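Take the sequences, apply the hints, and build the full model.
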Amino acid sequence: MKNVRNFCIIAHIDHGKSTLADRLIQSCGAISDREFRDQVLDSMDIERERGITIKSNTITLPYTAQDGQLYELNLIDTPGHVDFSHEVRRSLMSCEGALLLVDASQGVEAQTVANLYLALEYDLELLPVINKIDLPSADVERAQEEIDSDLGLDPFEAVQVSAKTGQGVDQLLEAIVHKLPSPKGDPAEPTQALIFDAEYDPYRGVIMLCRVLNGELRVGQNIRLMHTERDYEIEELGRIMIERRPEKKLPTGSVGYVIAGVKNISDINVGDTITDQERPAHQPIPGYREAKPVVFSSIYPVTSDDYEDLAKALDKLKLNDAALTFDKDSSTALGFGFRCGFLGLLHLDVVQERLEREYDLSLVLSAPSVQYKVKMADGELRTIDNPSLYPEATKVDHVEEPFIKASVMVPERYLGAVMELCMERRGENTQFRYLSAERVELTCEMPLAEVLYDFYDKLKTVTQGYGSFDYEMTDYRSTDLVKVDILVNGDRVDALSQLVHRDKARPRAMKYCERLAETIPRQQFKIAIQGAIGGQIIARTTINAFRKDVTAKCYGGDITRKRKLLEKQREGKKRMKMVGAIEIPQEAFVSVLRSDK
Amino acid sequence: MAPGSPADEAEPQTAPWPWRPLAPRPEVAPTPGLYVHVPFCSAICPYCDFAVVRERPGESERFVEAVLAEAASWPIAPEAPPFDTVYFGGGTPSALGFEQLERLVVGLGRRLPIAPGAEWSLEANPEDVRGSETLAAWRDLGFAVLSLGVQSLDDATLRDLGRRHDRVAALAAARLAAATGFDRVSADLIYATGGRPLDSWREELREAAALGLDHLSCYELTYHRGTAFERERRLGRRRMLDEDARAEWFEATHETLASQGFEAYEVSNFATAPRHQARHNSKYWSHQPYLGLGPSAHSFDGAVRWSNVRSPRRWLERLQSRSVTGGRAAGGEDLPPAVAELERLDLEQLLLEAVSLGLRTRAGLDLVSLRERFAVDLLAASGETVRRHREAGLLELVGEPGRPWLRASLRGWLVSESLTLDLVP
Numbered sequence: 085m086k087n088v089r090n091f092c093i094i095a096h097i098d099h100g101k102s103t104l105a106d107r108l109i110q111s112c113g114a115i116s117d118r119e120f121r122d123q124v125l126d127s128m129d130i131e132r133e134r135g136i137t138i139k140s141n142t143i144t145l146p147y148t149a150q151d152g153q154l155y156e157l158n159l160i161d162t163p164g165h166v167d168f169s170h171e172v173r174r175s176l177m178s179c180e181g182a183l184l185l186v187d188a189s190q191g192v193e194a195q196t197v198a199n200l201y202l203a204l205e206y207d208l209e210l211l212p213v214i215n216k217i218d219l220p221s222a223d224v225e226r227a228q229e230e231i232d233s234d235l236g237l238d239p240f241e242a243v244q245v246s247a248k249t250g251q252g253v254d255q256l257l258e259a260i261v262h263k264l265p266s267p268k269g270d271p272a273e274p275t276q277a278l279i280f281d282a283e284y285d286p287y288r289g290v291i292m293l294c295r296v297l298n299g300e301l302r303v304g305q306n307i308r309l310m311h312t313e314r315d316y317e318i319e320e321l322g323r324i325m326i327e328r329r330p331e332k333k334l335p336t337g338s339v340g341y342v343i344a345g346v347k348n349i350s351d352i353n354v355g356d357t358i359t360d361q362e363r364p365a366h367q368p369i370p371g372y373r374e375a376k377p378v379v380f381s382s383i384y385p386v387t388s389d390d391y392e393d394l395a396k397a398l399d400k401l402k403l404n405d406a407a408l409t410f411d412k413d414s415s416t417a418l419g420f421g422f423r424c425g426f427l428g429l430l431h432l433d434v435v436q437e438r439l440e441r442e443y444d445l446s447l448v449l450s451a452p453s454v455q456y457k458v459k460m461a462d463g464e465l466r467t468i469d470n471p472s473l474y475p476e477a478t479k480v481d482h483v484e485e486p487f488i489k490a491s492v493m494v495p496e497r498y499l500g501a502v503m504e505l506c507m508e509r510r511g512e513n514t515q516f517r518y519l520s521a522e523r524v525e526l527t528c529e530m531p532l533a534e535v536l537y538d539f540y541d542k543l544k545t546v547t548q549g550y551g552s553f554d555y556e557m558t559d560y561r562s563t564d565l566v567k568v569d570i571l572v573n574g575d576r577v578d579a580l581s582q583l584v585h586r587d588k589a590r591p592r593a594m595k596y597c598e599r600l601a602e603t604i605p606r607q608q609f610k611i612a613i614q615g616a617i618g619g620q621i622i623a624r625t626t627i628n629a630f631r632k633d634v635t636a637k638c639y640g641g642d643i644t645r646k647r648k649l650l651e652k653q654r655e656g657k658k659r660m661k662m663v664g665a666i667e668i669p670q671e672a673f674v675s676v677l678r679s680d681k
Numbered sequence: 257m258a259p260g261s262p263a264d265e266a267e268p269q270t271a272p273w274p275w276r277p278l279a280p281r282p283e284v285a286p287t288p289g290l291y292v293h294v295p296f297c298s299a300i301c302p303y304c305d306f307a308v309v310r311e312r313p314g315e316s317e318r319f320v321e322a323v324l325a326e327a328a329s330w331p332i333a334p335e336a337p338p339f340d341t342v343y344f345g346g347g348t349p350s351a352l353g354f355e356q357l358e359r360l361v362v363g364l365g366r367r368l369p370i371a372p373g374a375e376w377s378l379e380a381n382p383e384d385v386r387g388s389e390t391l392a393a394w395r396d397l398g399f400a401v402l403s404l405g406v407q408s409l410d411d412a413t414l415r416d417l418g419r420r421h422d423r424v425a426a427l428a429a430a431r432l433a434a435a436t437g438f439d440r441v442s443a444d445l446i447y448a449t450g451g452r453p454l455d456s457w458r459e460e461l462r463e464a465a466a467l468g469l470d471h472l473s474c475y476e477l478t479y480h481r482g483t484a485f486e487r488e489r490r491l492g493r494r495r496m497l498d499e500d501a502r503a504e505w506f507e508a509t510h511e512t513l514a515s516q517g518f519e520a521y522e523v524s525n526f527a528t529a530p531r532h533q534a535r536h537n538s539k540y541w542s543h544q545p546y547l548g549l550g551p552s553a554h555s556f557d558g559a560v561r562w563s564n565v566r567s568p569r570r571w572l573e574r575l576q577s578r579s580v581t582g583g584r585a586a587g588g589e590d591l592p593p594a595v596a597e598l599e600r601l602d603l604e605q606l607l608l609e610a611v612s613l614g615l616r617t618r619a620g621l622d623l624v625s626l627r628e629r630f631a632v633d634l635l636a637a638s639g640e641t642v643r644r645h646r647e648a649g650l651l652e653l654v655g656e657p658g659r660p661w662l663r664a665s666l667r668g669w670l671v672s673e674s675l676t677l678d679l680v681p
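Going down the list, the protein sequences come from chains C and D.
Remember, the working numbering sits 84 above the position in the first sequence when you count from 1.
Remember, the working numbering sits 256 above the position in the second sequence when you count from 1.
Just so you know, not all the hints are guaranteed correct.
So, partial list: chain D residues that the calculated Cβ filter (under 10 Å) puts toward chain C [said to hold, decoys possible]:
hint, residue
1, Leu615
2, Phe630
3, Arg667
It should be emphasised that the hints constitute simulated quantities derived from the structure, not laboratory data.
Keep in mind it's a predicted model, so treat the numbers as computed, not measured.
The C-beta atom is built at its ideal place from N, Cα and C for all residues, glycine as well.
And the structure:
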């Protein structure tokens with residue numbers, strides 16, 4: 085146990101976490117150069133392309149240190165985005181130490197700080213690492229200053245590396261061995277192992293990734309999952325060295341995988357504690373939290389024929405993504421689809437992209453919504469995330485919406501613009517503190533719903549890309565919520581209804597109306613597009629009737645040409661959705677809804 | 257057996273191509289029309305996208321022989337009914353000399369079954385009308401219908417359109433023609449060319465209506481791909497009237513001509529009496545068969561459409577080479593020498609055509625005959641659509657009990673394309 089080091093790398097997106105992980109793997113010889121692909125741990129295409137890690141992975145690296153001893157380095161690769169902070173937490177709970185990665189050219193960012201606090205919460209030993217020192221724009225001194233001022237860590241402890249070139253990686257491996265503690269834990273205690281991740285293997289079922297805190301796990305052991313109170317027998321366990329390597333047991337302090345005949349990923353909860361059936365632990369490992377979706381959106385296939393494929397694809401995604409929820413949903417305008425729950429906007433993006441890319445589906449997503457707590461006049465409390473389920477306004481006593489604590493780190497010159505943006509997004513209790521002479525951290529409390537609507541883009545724009553953002557959910561607060569409907573010649577387009585704060589209702593409705601007016605083609609009659617709260621019209625545009633489509637001449641030769649044109653138009657028409665007597669092309673929904681994020 | 261005279265054609269299946277063109281089909285009124293495309297023009301108009309060329313010396317003689325060769329190559333089924341209309345269009349048929357026209361008229365009559373009472377029509381440019389003698393000669397050749405390419409009575413517009421005649425020539429030709437004793441004299445006019453007020457067009461229409469003509473064709477200027485006008489439009493040097501304005505000009509055209517005693521029997525065609533409606537062109541809108549000769553000419557036998565090689569010179573080469581076959585149809589069969597493309601239409605395509613063409617006519621769609629041809633009851637299948645469009649004043653249900661016709665109103669005509677797609681979704 086004393087030669088084991090369990091650690092993770094925490095960093096802001098883009099700061100080179102995955103590249104560094106690759107370099108460590110290569111340096112330890114866990115994988116030959118021939119087998120090496122960039123970012124070995126990020127196995128999904130999207131992860132590799134976007135350079136972000138979504139699912140955490142783990143790998144055991146044998147490392148012979150300069151003292152001649154063989155060490156077992158368990159690297160736990162953590163997701164780098166706020167949506168996945170529950171996954172980060174579980175990963176952190178399995179470690180004794182963390183490499184805190186700082187980009188030498190970007191410096192400390194909001195997420196780095198958030199991750200630092202998380203790591204401190206779990207009492208991890210932190211090793212600052214300054215990465216990308218090979219870049220011409222690298223400013224190591226400034227990074228050191230920020231490590232000192234923003235993070236309160238010793239800047240001279242920081243190891244300077246270039247994950248890209250491999251410079252400094254040897255020193256880093258030595259620092260991991262010497263500065264990070266070995267695991268504590270009692271082999272004699274009843275078994276306690278934390279499930280910090282799980283994945284689905286079509287041949288073996290669920291593969292649980294665990295950290296053994298006390299006792300041990302062994303093949304044939306009868307185990308119990310303490311939160312779900314389910315019993316299983318361990319079929320296989322072992323370590324992950326790029327591939328699974330079976331062993332007889334996993335001792336105290338080690339990290340590895342367990343296969344125990346679990347059929348579905350939803351049968352287990354990540355964060356749960358594995359114990360021994362005959363000699364159970366007194367209590368599970370603390371800190372267990374279920375990952376709950378906070379953002380909801382309905383997903384529809386662009387062509388209704390694809391509904392079955394969408395259903396299958398979601399089922400498959402769900403095998404590996406316990407946090408994704410979905411239920412059947414239907415819309416008059418868009419047909420059958422699914423109401424899906426996500427951990428955040430990025431999670432939504434990732435799911436959408438995987439569905440479109442890996443399953444070749446073309447999708448329309450309704451405006452993302454948060455979950456509201458609706459107190460009815462009769463005292464009943466309802467939780468509502470779908471505008472179509474929102475009760476009549478007269479029956480509602482009051483509504484509460486989720487709030488977040490948002491943190492934005494930004495060079496001082498953009499402070500005014502960011503404050504303005506936060507105000508406009510109903511931010512409260514805005515505070516800021518200077519991290520250094522030029523850098524400010526601004527925190528404020530704001531509704532989660534305000535982040536869902538183009539907040540990232542706006543922030544990037546007003547800070548010219550220098551602002552970084554992070555948030556955590558805090559509480560529910562009272563809000564003045566209204567349901568905005570979009571009417572096309574008086575008929576409600578259910579897929580476009582949304583729940584918004586009263587102050588935002590008019591501009592939002594106007595934007596939808598205008599965009600629809602741009603994308604719905606002129607038809608045989610005038611079309612009124614309106615935004616309404618109940619019976620009250622708050623926005624309006626019109627599309628004039630088209631006047632003329634008949635061709636002047638139609639003789640012998642033109643008939644074929646004409647017919648082919650009509651056939652083409654007819655194909656286009658078949659893809660239209662009817663709302664009342666109005667034909668709305670799918671592109672209109674796509675354009676309205678895609679502009680939303 | 258090589259293509260020969262129709263009299264030898266006892267076994268149509270032995271022809272080098274497998275279908276039997278112009279065989280009577282029970283679902284089609286069995287009176288085919290014959291079209292001859294004369295591709296020569298003295299200059300190419302900047303809006304025109306027809307298959308036209310400037311004639312090289314001696315070319316029109318070779319053209320006439322080639323048309324006759326093409327006519328002779330068609331294996332007309334012996335039971336096929338004779339052609340009852342013959343239409344010389346172009347291009348500029350009036351640019352052919354009298355002898356050439358005569359050779360065509362006589363030669364076609366020898367090679368194809370043309371009914372004794374067939375209606376012969378000739379398109380002519382005003383500048384080719386050199387006096388009453390020219391007109392009388394055409395009439396005496398057997399042309400009962402003269403269609404004058406007047407295009408405009410406004411000199412500025414004529415210049416803009418690149419025409420080779422002026423207002424005076426146009427008026428003179430029309431007046432002379434009206435007095436020559438043709439069964440029908442018609443004039444073509446083009447509107448919405450831009451650069452003039454709507455009222456001057458109304459005035460022009462009234463003037464044209466007072467010339468003693470029996471028929472007018474009024475076309476909105478169309479910007480066809482590949483034309484000089486379209487290129488200028490794309491480059492921003494020429495502005496097309498916007499949709500609302502074009503609709504306004506269309507309505508003004510119809511209102512003005514109606515007030516002058518011209519009834520619109522098709523979207524762009526007007527006649528002073530039902531007997532003056534163009535018999536040949538009406539075949540296009542009522543799905544009757546027709547055979548086209550000459551470059552780019554199109555043919556239809558009730559279920560198959562085919563078209564000739566578009567380029568006049570290539571068409572000529574194909575016919576002069578005396579090869580037995582031309583290109584290949586999508587089905588793999590060899591095509592006759594002049595034919596470039598052939599398409600067999602299924603019932604769904606025929607229905608789409610029948611509705612879109614029928615809606616262009618004032619008579620509209622004969623719902624009973626549609627039901628017989630396509631086993632589709634439009635009133636049942638698209639009842640809700642019909643009701644909605646009738647309420648909106650776009651469609652009208654007329655005819656006698658048991659024999660309903662569905663037709664587009666004037667406003668319906670403007671949007672007849674979308675009405676078609678609503679009726680046969």
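To see whether the hints hold, each was checked on the structure:
Interface restraint check: Leu615 (chain D) against chain C, minimum CB-CB distance 9 Å, threshold 10 Å, status holds. Hint status for Phe630 (chain D) relative to chain C: violated, with the closest Cβ pair at about 15 Å, above 10 Å. The beta carbon of Arg667 (chain D) is positioned within 10 Å of a beta carbon in chain C (closest approach about 9 Å), and the interface hint is therefore held.
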